[in-house]
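As given, the protein sequences belong to chains A and B, one line each in that order.
Heads up, the first sequence is in the numbering used here, so the first residue is 1 and it goes up one at a time.
Heads up, the second sequence is in the numbering used here, so the first residue is 1 and it goes up one at a time.
Warning: the hint list may mix true and false statements.
Because identical chains share one entry, a pair is satisfied inside a single copy or across any pair of copies.
Taking lysine-lysine pairs in the DSS-like style, the calculated list, with each CA pair at most 30 Å apart, reads [stated by the list, open to error]: (1) 173 / 80; (2) 105 / 27; (3) 173 / 260; (4) 77 / 173; (5) 114 / 151; (6) 80 / 12; (7) 33 / 105; (8) 260 / 114; (9) 261 / 80; (10) 83 / 151; (11) 250 / 105.
Simulated from the structure, these hints should not be mistaken for lab results.
Below, each chain spelled out in residue letters.
Number of protein chains: 2
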Amino acid sequence: MTLQDIFTQIVKKKSFLCVGLDSEFEKIPVCLKNTVDPVFAFNKAIVDATTVFTIAYKLNLAFYESCGINGWQSFEKTVKYIKKNYPEIFVIADAKRGDIGNTSKMYAQAFFEKSSFDAVTVAPYMGEDSVSPFLSYPGRFVILLALTSNKGANDFQFFENHQGEKLFEKVLKTSQNWANSGQMMYVVGATRAEMLTDVRKLVPNHFLLVPGVGAQGGSLSEVAKYGMNSQCGLIVNSSRAIIFADVTEKFAERANEEAKKIQLEMESLLKEYHILKII
Amino acid sequence: MTLQDIFTQIVKKKSFLCVGLDSEFEKIPVCLKNTVDPVFAFNKAIVDATTVFTIAYKLNLAFYESCGINGWQSFEKTVKYIKKNYPEIFVIADAKRGDIGNTSKMYAQAFFEKSSFDAVTVAPYMGEDSVSPFLSYPGRFVILLALTSNKGANDFQFFENHQGEKLFEKVLKTSQNWANSGQMMYVVGATRAEMLTDVRKLVPNHFLLVPGVGAQGGSLSEVAKYGMNSQCGLIVNSSRAIIFADVTEKFAERANEEAKKIQLEMESLLKEYHILKII
């Protein structure tokens, strides 16, 4: 997938929404619990109900690994289902992997060969050779952790050298030597929207994957204000606030409504910042 | 498992060897390729052949995830096999995970509840709340990445503040507020053995998981010289040099020989540094 493909979708759907399929087994609606594969049944219903408002889905591996082999099955079935039925959708493995070269190569195989993800999130701590194996797949993206949405981001990401450069800034700068915006994106949390100004100084053209809107409390309009570029440049994720908006048999209908609410807000922002023409 | 349990094993086996089950499917000996589960058959044979010289096994998730569901099955069977037959062995999930709190909680469930690992490696980039969910399991350990064995470690781990403190030192210091040596260990690569002096100034009592001996070129005697403490304090991993020492039907026999060679060197070092009495 190319950046142009992503932008085409943004314009078509008037949205830059990513729905996070953090499909925790314990929270799956009771009405699905007796199906063969409740997590897959849930994901399928959520995807079918939200895809009209969505340009991307993000599967966080933790929620699948916590169910062992069954979880891994639900995970693989979900990716296949999305790719078969909605091939234009950008599908992200939110795995936060990263290891020595020969090991990262295996992770890249897992997500880009064994499964057909378009992108995988990677942690930067181990540096270039932990990231580069993921970059040998043209048309696939690394989404590198830069500034995360959680409290613990303060522990190390703001660690500062004598010139006042912070670790997350060092990550943004250094990693641009590894790949350009056609293969690299960055995670920047919505809970730090004001920091997006600093981020944009370093990576004006890259797409940013922005978690933290919704349950974590980030503001969509702030994110757009500080982070949007001429190609939108944002993929904003919401997970729990959409997929678990309701736990009765109306869960998919409610997910659709929640996704639509966010899409409408996004449409308005895309117009405000002149990405979409106001007709 | 307690630190005392680990030390008891070190004394009993005169070894501080961890065998890394980086069981890449493509490298599994041909003679096992027609078994029901070649990776599990391989792991079982390697474990049976090396356990007499070994205090720990480390399963790197990448090698299992790259085989999808089959890989996940081999992975779960291997952990169960080790824990059932050799309950005294320290079993590490080399997963290098780390995510926001509610997600790390799911990873902790995957490795400590769904599987029975004694420890999991965690990347520090996202800070305290990405690590703490793993610490709510008494008797289980977080092994936090500090100074890794790969070239890319130079990209960020040596990033230095105005007082000359490096990022990996900041990680070692800060994380001691999260747990003591009874629940926390650190990854320090053998390829940087001379740095162990600096590491030991900050964490004199913690166990260190030391990868990089063998195929990556680290020296065991240097690691012992700079890193050993009064309880040994080292778990040194070797993967490829042992498990793929031979790819014929003699692979297990050769793995046994390679593990024995390292154990003998370790025994000698344990005596040299007065952990074992010389009789």
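Status of each hint after checking the structure:
no., hint, verdict
1, 173 / 80, "neither (35 Å within a copy, 44 Å between copies)"
2, 105 / 27, "between (34 Å within a copy, 15 Å between copies)"
3, 173 / 260, "neither (36 Å within a copy, 46 Å between copies)"
4, 77 / 173, "neither (37 Å within a copy, 43 Å between copies)"
5, 114 / 151, "between (34 Å within a copy, 27 Å between copies)"
6, 80 / 12, "within (23 Å within a copy, 50 Å between copies)"
7, 33 / 105, "between (36 Å within a copy, 22 Å between copies)"
8, 260 / 114, "neither (33 Å within a copy, 36 Å between copies)"
9, 261 / 80, "within (27 Å within a copy, 47 Å between copies)"
10, 83 / 151, "neither (34 Å within a copy, 36 Å between copies)"
11, 250 / 105, "between (42 Å within a copy, 28 Å between copies)"
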